[in-house]
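Join the two chains, each given in its own frame, into one complex according to the hints.
Heads up: the sequence lines are chains A and B, in that order. Residue numbering for the first sequence is 132 to 462, as defined by my numbering. Residue numbering for the second sequence is 5 to 322, as defined by my numbering.
Be aware that a few hints might be false.
Covered, in the sense of this in silico footprint (three residues per stretch, anywhere, with C-beta under 8 Å from a C-beta of chain B), are these stretches of chain A [stated by the list, open to error]:
#, region
1, 195-201
2, 375-381
So, partial list: chain B residues that the calculated Cβ filter (under 7 Å) puts toward chain A [unchecked claim]:
#, residue
3, T185
4, D188
5, M217
6, L256
7, I274
8, S277
9, P279
10, L282
It should be emphasised that the hints constitute simulated quantities derived from the structure, not laboratory data. The structure presented is a predicted model; accordingly, all values stated were derived computationally and were not measured. Using N, Cα and C, we set each Cβ at its ideal position, and we do this for glycine too.
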Amino acid sequence: MIDKDRPILETRELSKRFSIGTRFSSQGKRTVHAVDNVSLTVRRGETVGLVGESGCGKSTLARCLVRLYDITDGKLLFEGDDITGRSLAELRPFRRRLQMVFQDPSASLNPRRRVGDLVAEPLRIHTKLSSSEITRRVAELFDLVGLLPDHVMRYPHEFSGGQRQRVGIARAIALNPDLVVLDEPVSALDVSVQAQIVNLLADLQEKLKLTYIFIAHDLSVVRQVSTRIAVMYLGSIVEEGPAEEVFETPAHPYSQALISAVPVVETTANGVRKRIILTGDVPSPLKPPSGCRFHPRCPIAVDRCRVERPELTEHRPGRKVACHFPTLSSL
Amino acid sequence: MMLSVRDLRVSFRTHEGLVRAIDGVSFELEEGEILGVVGESGSGKTVSLLAVMGLITDPNAVIEGSIRYKGRELVGLPARELRRLRGNEIAMIFQDPMTALTPVYTIGWQISEQIRAHKRVSKSQALARVEELLAEVNFPNPREAMSRFPHQLSGGMRQRAVIAMALSCNPALLVADEPTTALDVTVQAGILDLVRKLRATHNSAVVFITHDMGVVSELADRVMVMYAGRVVERGSRAELFSAPQHPYTRALLGSIPPLTGEKPHRLPAIPGSPPSLLRLPEGCAFGPRCPVNYEPCRTGKPDLGHGTHAAACFRVQA
Numbered sequence: 132m133i134d135k136d137r138p139i140l141e142t143r144e145l146s147k148r149f150s151i152g153t154r155f156s157s158q159g160k161r162t163v164h165a166v167d168n169v170s171l172t173v174r175r176g177e178t179v180g181l182v183g184e185s186g187c188g189k190s191t192l193a194r195c196l197v198r199l200y201d202i203t204d205g206k207l208l209f210e211g212d213d214i215t216g217r218s219l220a221e222l223r224p225f226r227r228r229l230q231m232v233f234q235d236p237s238a239s240l241n242p243r244r245r246v247g248d249l250v251a252e253p254l255r256i257h258t259k260l261s262s263s264e265i266t267r268r269v270a271e272l273f274d275l276v277g278l279l280p281d282h283v284m285r286y287p288h289e290f291s292g293g294q295r296q297r298v299g300i301a302r303a304i305a306l307n308p309d310l311v312v313l314d315e316p317v318s319a320l321d322v323s324v325q326a327q328i329v330n331l332l333a334d335l336q337e338k339l340k341l342t343y344i345f346i347a348h349d350l351s352v353v354r355q356v357s358t359r360i361a362v363m364y365l366g367s368i369v370e371e372g373p374a375e376e377v378f379e380t381p382a383h384p385y386s387q388a389l390i391s392a393v394p395v396v397e398t399t400a401n402g403v404r405k406r407i408i409l410t411g412d413v414p415s416p417l418k419p420p421s422g423c424r425f426h427p428r429c430p431i432a433v434d435r436c437r438v439e440r441p442e443l444t445e446h447r448p449g450r451k452v453a454c455h456f457p458t459l460s461s462l
Numbered sequence: 005m006m007l008s009v010r011d012l013r014v015s016f017r018t019h020e021g022l023v024r025a026i027d028g029v030s031f032e033l034e035e036g037e038i039l040g041v042v043g044e045s046g047s048g049k050t051v052s053l054l055a056v057m058g059l060i061t062d063p064n065a066v067i068e069g070s071i072r073y074k075g076r077e078l079v080g081l082p083a084r085e086l087r088r089l090r091g092n093e094i095a096m097i098f099q100d101p102m103t104a105l106t107p108v109y110t111i112g113w114q115i116s117e118q119i120r121a122h123k124r125v126s127k128s129q130a131l132a133r134v135e136e137l138l139a140e141v142n143f144p145n146p147r148e149a150m151s152r153f154p155h156q157l158s159g160g161m162r163q164r165a166v167i168a169m170a171l172s173c174n175p176a177l178l179v180a181d182e183p184t185t186a187l188d189v190t191v192q193a194g195i196l197d198l199v200r201k202l203r204a205t206h207n208s209a210v211v212f213i214t215h216d217m218g219v220v221s222e223l224a225d226r227v228m229v230m231y232a233g234r235v236v237e238r239g240s241r242a243e244l245f246s247a248p249q250h251p252y253t254r255a256l257l258g259s260i261p262p263l264t265g266e267k268p269h270r271l272p273a274i275p276g277s278p279p280s281l282l283r284l285p286e287g288c289a290f291g292p293r294c295p296v297n298y299e300p301c302r303t304g305k306p307d308l309g310h311g312t313h314a315a316a317c318f319r320v321q322a
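Chain B extracted, bound-state conformation (with noise of 0.2 Å):
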């Protein structure tokens, strides 16, 4: 097992209360495995994920938990031992590449600096390296590149040079959080390209979250979906995808329109919105916004239970 994460709980005090953003989240993710992660904004997706790379430093946050990463406990880590993981096994690509670069220096220089940071090897070594990663996200000229600013390439340039600075040390985990979302469908069909090529040159495990079924169902191996800081349902991809139990799935699956076929007249639409965190309802938050009217959702909340495809709602269950 690479990475086991058992019942993560992640809180912030704020001014309105206790806001219990991740509540009692479990995961495991072999070698070489893509996982999935779905969810809207709010649903905590991000925040579990932040967590595991040790980069939620609020002081206040209150983290609870197990993150075992390769057998070792993550949670309460020095910052500087968390440092020495993170950029080297574990890395991170964001949603937004323009804020993930610095503006000022060349993209050659910042994917050298990390490789410095990690590993003892002279300037010149560390660009040849580079050089190498920029040819290895298909960058068509990347000695050129090297030299360019961020605001020089597009949008889609600037994410695969974050993912080649992610690529640099050969992390054994990576996690990317939305790092499509921001991008055409023509440009993230190649980036979904190269994770996966990743994933086949370098054995990585690679952890995505996104909101996009239809990104999650080209590439996973397992899906896991959250609504309000809990996982409501996880299994395999052919699993989720050709028999999603819990309703929020369902629905959510059942609300994207077609690209192909017959159109529907209406969307069968979801009503309602995500809850706040700082509101949630009694028992199952999905709830209020649930097709299905079943007494012991209003008071307790349903846990996901064992078993590789499972889902947290006492009708499924029951």
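In isolation and in its complexed conformation, chain A is listed as follows (with noise of 0.2 Å):
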């Protein structure tokens, strides 16, 4: 039976730090925080959607999550067992369960292999069927993911973007993991095949009870996916709460602009909507603005924003923001 509410992953003030400007000598050594304090928990069956503007930490949070990156400070658990600082062996059992889909097909998929022993790859490090047995479940997956079975002789180059993103998620999907991590998963391939693998990923996490995180710049697709939307910005995260209502009423500045920028086709003759345009750039993480760190973009910043940190509070149940003045009537 499955557990709706009992947390599959969960970070506890996870943080990731990059030293840079080390290598020859400790002058100038500098530190980014890419992730910084973030908490957040992911239940079973659910499609967390992440969203930010590039540097936002997004990928960097996803790559923890995984344990590609070793974290800095904070805990990670899984199923409620604390995998923070497990070694590469004491990992090995989790990663069956944990997988990830990469951005870019053509460099995640290995070129002078062929697909079919791609995704043969997993099955032959983490379990132990015979080959004829390893050949079946590839086709299997290959069926699942809507592949034809004589492609499994094929090179990546052979296919067309959508079709080797198809690989990648039959690779992710071939050791029936609980928790999938896409990053960026439909951004690289062209808009007419983005639906598809859109709903390729709805239908595999209706067959085998996937948990997604999603990860995605194009925040149309995000709301499509996404039970959840985290919103990060600089390595935090400043909203959180269920999909439609996050773009419908987001109650932080940053989101309200965020969502407000995304351009969308309007069949009235001219209805450019009304749009909050952020000033500035993005601060760089090295050095993060003290305070709110939204503060210098804020449209209604005030001198309390400049020194004290808003926390990720819980106005209601599933509905959390970081700001001191939060568009109350959307929560």
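Set out below in structure tokens:
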């Protein structure tokens, strides 16, 4: 029985910092705060969408979640087990249940190996299946992601972008994982192909009872696939809530600006929506601003925001905002 | 008529045979007009505009047809003549600002070089103009930005520097090839505003290439949809978005997930993927992916026909 409310993955005040400029001397050593104090709970069967501008730390967070990066601070729990500091060997049993799909399928597939081999590899490493069982499983997986059986003998370059991403997805689900982290899985694809992959991911989620963490910069795609959304800014979550609600009535000024900036097709003759244009750029995570990290660009910032950093507070169940002055009507 | 392209064909000789990247593209552009060109990768949207700019220098390229800029034929024009137009009267903005700027010179140097290549002005006059331009594209501190190198600027700033460079000689025609694709939506919104402002202040004509229907619907006066080297539909923004005719346009618009309202359980996806230009299907190139099953589409290639709102589809024309 699947317990809907039991978290499958949880981060507690997770931080990831990178040191730069340390190779030849300790002088000028600086720290990039890529992910800063993120506490996120992912429940079974849901899709959590991570959105934010480039450099906000969403990909770094994703890589921390599957332990591709070591975690600097805080805790990462998988089904209640603390896997923050586990060694590679200790991680192995978790790895098969925690998979990842990358943005660029041509960069994440070895060009010199047949795609059937690529999909079989996790099975060879993690299971004791015989080679004929592996062949059968690979055929099953190809069918599941909408590739033809004779495709197994092909090389990645013989496929279109959409088909390559299907191979990447087949590889990720080969071991029947519980959780799949999808980092921009449709961004590199042609517009007419994106919807196919979005639908495929939804079908697989239903069939295989998968939990997704979905990262994309295309906000309408994120809204389509996600049950919950976390908006990130400069390494921290600034707003979290049910997908449709956050899009309809964002409470944080940053989420409002971000969502209003998405160009949408207007069928009326001259309807440019009212939009909030943010001034300036995302500050460098080397030198994050004091107080609320969004204050230099925030249209409603006051003195308090320059000094005091707002906590991510739950205003009502499931709806969290990190702002001193959230739009209350949204909450 | 500022720009008039007639039956443009661009082919490339390759090892695997002749690739027809552009197959009979025609369009016109008036002063102060923004034309949006939408298409997926390989649809020919970039190649057709590179042809207009005279930037296809591949010896294996064959360019046919006519490109008239202010009544003057550009196809076959000597490179020297073209260079005089390019950067001066016709300017281009590319997708990736990092590769459009040279990493070893400052922003100020690069833009002033462009000005001095086309106008007889002194170095200090050129630099003064650069400062003006950077202020115009909303650099908070133009004087300081002039001494920066490209790597010291953010992506949005870099693209604005490229736009400043494109504007430096007050071009009558600006060609922008996916100028916001590499940028975040928040930054994109600012750049789109800038393009609108440019049209208002300089009355420049703009050709805006993108794959994003949303961007086109917010910016363009007229829209041209391309598929596999041909224009499949053209019309005014209102016509194209409120009453799309071509099955490809309709399917493309339908497959975009909505940002508000009810979420569809499944997205209406287009099957298959865009065809390789080396192996175009018989008949209509969209045929194999088209939801409409119509006999003539299997053998003949539909033409766009006339009229302001037109679709290259036998079914629509029938």
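The hints, checked one at a time:
Coverage of the region 195-201 of chain A by chain B is violated in this model, with 0 residues showing a Cβ closer than 8 Å to a Cβ of that chain against a need of three. By the rule of at least three residues with a Cβ nearer than 8 Å to a Cβ of chain B, the coverage given for the region 375-381 of chain A holds, with 3 such residues. For T185 of chain B, the shortest C-beta to C-beta distance to chain A is roughly 10 Å, which exceeds 7 Å, and the interface hint is violated. Annotation: interface hint on D188 of chain B holds; nearest CB of chain A at approximately 4 Å, less than 7 Å.
Interface hint at M217 of chain B: satisfied, since its Cβ lies 5 Å from the closest Cβ of chain A, which is below the 7 Å cut-off. A hinted interface residue such as L256 of chain B counts as satisfied when its beta carbon comes closer than 7 Å to some beta carbon of chain A; here the least separation is about 6 Å, so the hint holds. A distance limit of 7 Å between C-beta atoms decides the matter here; for I274 of chain B the minimum to chain A is near 4 Å, and the interface restraint holds. Checking S277 of chain B against chain A by beta carbon gives a least distance of about 4 Å; that is within 7 Å, so the hint holds.
For the restraint placing P279 of chain B at the interface with chain A, the shortest Cβ-Cβ distance is roughly 10 Å, beyond the 7 Å limit, so the hint is violated. Nearest Cβ of chain A to the Cβ of L282 of chain B: about 13 Å, over the 7 Å cut. The hint is violated.
When each numbered hint is compared with the structure, violations occur for hints 1, 3, 9, 10.
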